[in-house]
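Peer 1: Next come the chains, spelled out residue by residue.
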Amino acid sequence: MEITLSPVSSSLSKTFFASLYELTNGERIRTCLQCGTCSGICPFGYIMKFPPGKMIGALRAEIFDQVIKADSVWMCVSCNACSAFCPSNIPITAALMTRAKEEMLLAGNIPTELQAALENTQRYGNPMGESPRKRADWTLGLQPEVNILGKTRQPVDVLWFVGDYASFHSRMQSATRALAKVLNALGIKFGILGPEENSDGDSQRLAGERGLFEMMAQKNGQIFKRYKFNEIITTDPHAFNALKNEYPALGISHPVKHYTQFLYERLEQIKPLLKNEIKARVAYHDPCYLGRVNGIFDEPRALLKAIPGIELVEMSHQRLNSLCCGGGGGGMWLDGFQWEKAHTRLSEWRVREAVVASAEILAVGCPYEPPRFEDAIKTIQNASQLKVREIAELLAEAMGL
Amino acid sequence: MKIAVPVKFVPDLVEELTIDPGGAALDTTWLRLIINEFDDHAVEQAILLKERGSGQVAVTTIESEGADDFLFAAAAKGADQLIKLTGDFSSANNHALARVYADLLKELQPDLILTGVQAHNDLDGSVGPLLAELLGLPYVGYVAGLTVTGDKVVARKEYSGGLVAEVEVKLPAVLGIQASEQPPRYVAYSKIRQVMGTAKIEERPVSGLDPSGGTAVSRMFQPEVAERATMLEGGADEVADKLVGIFKELGTL
Amino acid sequence: MSQDIFVVIEHLRGQVSDTSYVMLAGARQLSQSTSGNVTAVLLGHNAQGLASNLAADKVLYMDHAALAEFTSDAYQIALAGLIQEHSPRAVIFGHSSIGMDIASGLSAKLGTPVVSSCRAFTTDGKYVSQICGGKIMAEGELPGPAALVTMVPGGYKSELGQSAQAPALTTVSAPTLEGLRVTLKQYIEPDTSDVDIAKESMLVSVGRGIQNKDNIELANELAAALGCAVSASRPVVDQGWMPTTRLVGKSGKRVKPKIYLALGISGAPEHVEGMGESEAIIAINTDPNAPIFNIAKYGTTVDMFDLIPVLTEKVKQAK
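These protein sequence lines map, in sequence, to chains A, B and C.
Oh and the first sequence: position 107 is 107 in the numbering used here, straight run, nothing missing.
Oh and the second sequence: position 59 is 460 in the numbering used here, straight run, nothing missing.
Oh and the third sequence: position 93 is 747 in the numbering used here, straight run, nothing missing.
Just chain A, with the same shape it has in the complex (with noise of 0.2 Å):
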């Protein structure tokens, strides 16, 4: 396909570019330099017809119709690298991509697989279309009982907002309770929402789901309402960001925290239960949304590095530089999508990584990752022997819970 330079109506790009002015720091995207770096670091830059520097330079031709006719932007992961690395500190992410995705909504240029995601949010709450009654069923058996507040409507110090896949994923339910029995064994007085609880609607949002995020974030808002605590705490950190960054905005503002932040706060009372040796050499995979775009680096690694036997290794995309597990931004709902486009999955070259860095565990913050990067590991050579492992479970083992 050639780009066409004669626009054929120049009114999306005119009335595109004035929609951006709109967003935090939108107007910085007449600064830009046509540099190339946001291209050059998008890890499908090299696959889309538009990657971000060239969806700006059709903006100022006046041709973004012809973006939004092209799907290319249905490979981009929300991972804000090419956003980091800008020279002009252009919101790439925030505004140019996520825009862009709202406008292929608007369209009706949608893969499937997203709109059967958005649809199962719009309907249950959750993108994954499951009943919001079992959003609690992975607290069953667990001693002692998970304080579900619709229940006990007793105050607590904590409110743990669970999330999506950390509640239903039959991958990172045992995360979850690895999680609840580190909180427990460390006494904090917790409670979740159970099937109060929405999709914090994040991952929608950069999906161009704007609309859907706000429905989902009255919703949580509302529910926060009804009960005492006095921080929040999350699994997922697309949630963390969601609660930290945008719900503000919408009136929705309480103290939050990731798990991660959390348990590094008590390290010192956590050190002393860490009795169980872990001997392995483990890479810390930064999830984007702790860190890129939360500057989350050190306290994960800390918690790592604080059980005995670990020894911490670095793979080559790290900390600022992280590559992106490939879930964000929608793509855990475009799995099919963006595989038919590039045959490979970024999942696949983050295990590469792992391997050439002689990790033996892959350790994660974000309940995306396991099952992308346990699916990578059945193809990629010579990774059959990684394993990949949440902190709060390997926290947990140490601790001999």
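Watch out, some of these pointers could steer you wrong.
Claimed, not checked - In silico lysine to aspartate or glutamate, EDC-like type, Cα no more than 20 Å apart, as pairs: (1) C:Lys839 <-> C:Glu723; (2) A:Lys134 <-> B:Asp413; (3) B:Lys592 <-> A:Glu102; (4) C:Lys912 <-> B:Glu569; (5) C:Lys951 <-> B:Glu634; (6) B:Lys592 <-> A:Glu119; (7) A:Lys341 <-> C:Glu871; (8) C:Lys789 <-> B:Glu417; (9) B:Lys592 <-> A:Glu22; (10) C:Lys789 <-> B:Glu582; (11) C:Lys973 <-> B:Asp642; (12) C:Lys951 <-> B:Asp642; (13) B:Lys553 <-> B:Glu569; (14) C:Lys789 <-> B:Asp428; (15) A:Lys387 <-> C:Glu871; (16) A:Lys134 <-> B:Glu417; (17) C:Lys867 <-> A:Glu102.
What the hints assert, rightly or not - To list a few chain A residues with every Cβ distance to chain B over 12 Å, as calculated: (18) Glu130; (19) Ser131; (20) Phe190; (21) Gly208; (22) Gly211; (23) Glu214; (24) Gly221; (25) Arg226; (26) Leu250; (27) Glu277; (28) Ala302; (29) Gly336.
To be verified - Pairwise CB distance ranges (calculated): (30) A:Lys219 <-> B:Ser465: 16 to 26 Å; (31) A:Arg133 <-> C:Leu823: 54 to 64 Å; (32) A:Asn382 <-> B:Arg594: 44 to 54 Å; (33) C:Lys970 <-> A:Asn25: 54 to 64 Å; (34) B:Arg605 <-> A:Lys219: 46 to 56 Å; (35) B:Glu634 <-> C:Lys867: 47 to 57 Å; (36) B:Lys601 <-> C:Ser827: 52 to 62 Å; (37) B:Ser465 <-> A:Arg133: 18 to 28 Å; (38) A:Asn109 <-> B:Glu508: 52 to 62 Å; (39) A:Ile223 <-> B:Lys553: 53 to 63 Å.
Note that these hints are calculated values from the structure, not bench results.
Small disclaimer: the values here were computed from a predicted structure and weren't measured.
Note that beta-carbon positions come from the ideal geometry of N, C-alpha and C, so glycine has one too.
We have chain A already, so just place chains B and C on it with the hints.
Peer 2: Frame of chain A; chains B and C shown alone:
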């Protein structure tokens, strides 16, 4: 051309269904309702016809949980008229439903009525053919694709085995949709919210349901588990070994 | 009112549908509780021959050019007259593209009740219907006077509806069939360039649980190792991941292989209709509550993505 789509809500199978203490009906405590998926296809097909030519689409449903959201979503997709029948529909079967829709449609006088070919909880026939007979109109079901020319419609009717019949039907008519020509589209929630501010749902009160011609249920139950499969336990490796054994035993390997 | 059970025989292009025999088998059981006869109703044009293997006590045959192939309008007019004249205890239709087109209309026209999705009759003559995606059974007295019943396959073996002896055939006169509003223009043949999954002795069949097009390759590899074909359920075909020729179910092919290996298929009735008579169904599905386990001979909840590659290897070794 005027197209009308009467739709029905059915229990959502994502939730576990349970039988009420009386033993002859579903327990409604936890029941969630969802649009009958075939009706969703009928709405999509109506919108596609409107987009292909000219026309007006009226979508109607009865008062229930989610009815307003559904109607507004239909408007966001392109429906022109939204009608909600209000009243107590707790005893409504398909016969009663078809009768209230027939009363409404006699007044609307559409050229074409599209319904889902069936619903998973149909126990007394399906709404489409009941409606057709009450209105004295022809009915063709299992339709996946159609073309309107003049006062006729050519419908692609599906039979088992992949056989398709091209059937010509004189308008006005009722068609039971098996699948729309394109899967039902997604509308951004912001668009639905926008429509909520502008579109109007006409409410029409209905009283005196007539469910005659239906069927009474004396007992409802979940299918017996006695005939359930023998479950193969173990990890992937162990199960694979057992399967190879079964393949050999049954003579396919 | 008589105690006879009528069965409306379904046929297209000179072939009686398998469901018709299931209906005859069901009618036979029902007739035992009503102590009536089983009457097959055959509408057609030069189609007497189709009655030869029907397991019925007698056949009412109506011949008219407009009844040569099924159309709802002509069938409905013809049947309305017959039902009024004979007032049988029940009329059994297929819960199919034919029966569902006319049973409800006849109910509204004649004021007789209709029962949908009937899977079987109890020995005391109650209907048992299968609803809500196969998750719920509803049972009740057969409503009167003449109950119109649409029947799903699965409750009776179709062989029971066949007979080596031709039943007695009575030709009845057809009503005037004029001003019909529904006419058949033509049939469009299914695409036959692909393998015929109905002729395979084993099928590896994929459902929604396969998740994406790419994963179909896993099923292809397993099928190649087993020397059989891959089929699919409707969602997979709707997505364009498999051609329509591989579709099993109500709107696709009906298959009866020795082994039907169902990968990520939940077992919705529309699908079961196409494969329920397989000799052995083996279901692989992570949802232990999936209805497919109710009809499968063997099942496992092991994740198919873990299982299939291992299974493919072991099948190759076993050869």
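Peer 1: All the hints need checking, so say for each whether the structure fits it.
Peer 2: Right, here's what the structure says about each hint:
1. C:Lys839 <-> C:Glu723: Distance ~11 Å between Lys839 (chain C) and Glu723 (chain C) Cα, so the pair holds.
2. A:Lys134 <-> B:Asp413: 14 Å, holds
3. B:Lys592 <-> A:Glu102: 11 Å, holds
4. C:Lys912 <-> B:Glu569: 40 Å, violated
5. C:Lys951 <-> B:Glu634: With Cα atoms ~14 Å apart, Lys951 (chain C) and Glu634 (chain B) stay inside 20 Å; holds.
6. B:Lys592 <-> A:Glu119: Given pair Lys592 (chain B), Glu119 (chain A) holds - Cα atoms ~14 Å apart, limit 20 Å.
7. A:Lys341 <-> C:Glu871: Given pair Lys341 (chain A), Glu871 (chain C) holds - Cα atoms ~17 Å apart, limit 20 Å.
8. C:Lys789 <-> B:Glu417: 9 Å, holds
9. B:Lys592 <-> A:Glu22: 19 Å, holds
10. C:Lys789 <-> B:Glu582: 29 Å, violated
11. C:Lys973 <-> B:Asp642: 13 Å, holds
12. C:Lys951 <-> B:Asp642: 17 Å, holds
13. B:Lys553 <-> B:Glu569: 7 Å, holds
14. C:Lys789 <-> B:Asp428: 14 Å, holds
15. A:Lys387 <-> C:Glu871: 25 Å, violated
16. A:Lys134 <-> B:Glu417: 10 Å, holds
17. C:Lys867 <-> A:Glu102: Between Lys867 (chain C) and Glu102 (chain A) the Cα gap is close to 26 Å, so the pair fails against 20 Å, i.e. violated.
18. Glu130: Not fine: 7 Å to the nearest Cβ puts Glu130 (chain A) too close to chain B.
19. Ser131: Non-interface label fails for Ser131 (chain A): nearest chain B Cβ at 5 Å, not farther than 12 Å.
20. Phe190: Consistent with the label, Phe190 (chain A) stays out of reach of chain B, its closest Cβ about 27 Å off (over 12 Å).
21. Gly208: 8 Å, violated
22. Gly211: 3 Å, violated
23. Glu214: 8 Å, violated
24. Gly221: Given a closest Cβ separation of 16 Å, the condition holds.
25. Arg226: 21 Å, holds
26. Leu250: 14 Å, holds
27. Glu277: 27 Å, holds
28. Ala302: 36 Å, holds
29. Gly336: 15 Å, holds
30. A:Lys219 <-> B:Ser465: 16 to 26 Å: 21 Å, holds
31. A:Arg133 <-> C:Leu823: 54 to 64 Å: 57 Å, holds
32. A:Asn382 <-> B:Arg594: 44 to 54 Å: Given about 51 Å between the Cβ atoms, the range holds.
33. C:Lys970 <-> A:Asn25: 54 to 64 Å: 58 Å, holds
34. B:Arg605 <-> A:Lys219: 46 to 56 Å: 31 Å, violated
35. B:Glu634 <-> C:Lys867: 47 to 57 Å: 31 Å Cβ-Cβ, so the 47 to 57 Å window is violated.
36. B:Lys601 <-> C:Ser827: 52 to 62 Å: Cβ of Lys601 (chain B) to Cβ of Ser827 (chain C): about 55 Å, so the range 52 to 62 Å holds.
37. B:Ser465 <-> A:Arg133: 18 to 28 Å: Once the Cβ atoms are compared, 19 Å apart, the range 18 to 28 Å for Arg133 (chain A) and Ser465 (chain B) holds.
38. A:Asn109 <-> B:Glu508: 52 to 62 Å: The hint (52 to 62 Å, Cβ to Cβ) is violated, given that Asn109 (chain A) and Glu508 (chain B) are roughly 39 Å apart.
39. A:Ile223 <-> B:Lys553: 53 to 63 Å: 55 Å, holds
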